[in-house]
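Q: Taking the working numbering, the leading residue of the sequence shown gets 1, the next gets one more, and so forth.
Honestly, the hints are just simulated from the structure, not real lab data. Accuracy of the hints is not assured; some may be wrong.
As the list claims (entries may be wrong) - List time: in silico BS3-like cross-link candidates among lysine-lysine, alpha-carbon distance up to 27 Å:
| hint | residue 1 | residue 2 |
| --- | --- | --- |
| 1 | Lys103 | Lys200 |
| 2 | Lys200 | Lys187 |
| 3 | Lys164 | Lys200 |
| 4 | Lys6 | Lys164 |
What the hints assert, rightly or not - Per label pair, the in silico range of CB-to-CB distance:
| hint | residue 1 | residue 2 | range |
| --- | --- | --- | --- |
| 5 | Asp99 | Gln70 | 33 to 39 Å |
| 6 | Asp3 | Asp93 | 21 to 27 Å |
| 7 | Glu177 | Asp3 | 26 to 32 Å |
| 8 | Glu67 | Val203 | 17 to 23 Å |
| 9 | Asp88 | Asp3 | 27 to 33 Å |
| 10 | Asp227 | Ser85 | 40 to 46 Å |
Note that CB positions come from ideal geometry on N, CA and C, so glycine has one too.
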Amino acid sequence: MTDRLKGKRALITAAGQGIGRTTAEMFIAEGAEVFATDVNSDLLSGLDCETYALDARSDASVRDGVERAQPDILFNCAGYVHHGSALDATDDDWDIGFDLNVKSMFRTIRAALPGMLERGTGSIINMSSAASSVIGAPNRFIYGTTKAAVIGLTKSVAIDYIQKGIRCNAVCPGTVESPSWHDRVRKLGEQLGSEEEAMKQFVARQPMGRVATTAEIAALVTYLGSDESAFTTGHAHIIDGGWSGQ
Numbered sequence: 001m002t003d004r005l006k007g008k009r010a011l012i013t014a015a016g017q018g019i020g021r022t023t024a025e026m027f028i029a030e031g032a033e034v035f036a037t038d039v040n041s042d043l044l045s046g047l048d049c050e051t052y053a054l055d056a057r058s059d060a061s062v063r064d065g066v067e068r069a070q071p072d073i074l075f076n077c078a079g080y081v082h083h084g085s086a087l088d089a090t091d092d093d094w095d096i097g098f099d100l101n102v103k104s105m106f107r108t109i110r111a112a113l114p115g116m117l118e119r120g121t122g123s124i125i126n127m128s129s130a131a132s133s134v135i136g137a138p139n140r141f142i143y144g145t146t147k148a149a150v151i152g153l154t155k156s157v158a159i160d161y162i163q164k165g166i167r168c169n170a171v172c173p174g175t176v177e178s179p180s181w182h183d184r185v186r187k188l189g190e191q192l193g194s195e196e197e198a199m200k201q202f203v204a205r206q207p208m209g210r211v212a213t214t215a216e217i218a219a220l221v222t223y224l225g226s227d228e229s230a231f232t233t234g235h236a237h238i239i240d241g242g243w244s245g246q
């Protein structure tokens, strides 16, 4: 590694597993002072950095967590994948989806911006998805809608603070091998009667014939957090193995 993040303080939500955890590990290796958080603090065991519970759906928890970290880099990774179409969605599903996938980012950004503005620097990285305004995915109605909203949120923050030293970007992955993905494979497998067939369906929509690793996504997040991307803001960075380019 190259110490690309040396001297930077980084706050990561949903760092207990998947992309969040791999990003925390990569940030640590690149020299950042990392504050790894998750609503389930037990999942943070083993990370070589400061860890604590943070509920991205709680204003008080977010305020306390951001005050503790005072981040130069904020990686909003918390989110949830709802399954189903518009006719499957309930009002509660809709509200939970927007609260966790979108409003949680509003909470953390609102809490982190004053410190970033005072220091005159900051990189905010929001987890969106290729399944958003980029491309439609079957049975991802709430998820795709919320992730499209994340792109709009990202662009709004970027333009408002572009002359204040603050950058804001979104990461839009395709399918990524992670614990949450394996959960979705199992659920689809129950419907199809075969977990193997479910996995084939997920992989089939990726032109490369495979899903992404968490390290591939974390590498992009690391770049966006580093000064190497100092001229990059307000963009949805698609890393989907060519899925949206078909």
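Q: Among all the numbered hints in the text so far, which are the ones the structure does not match?
A: 1, 3, 5, 6, 8 and 9
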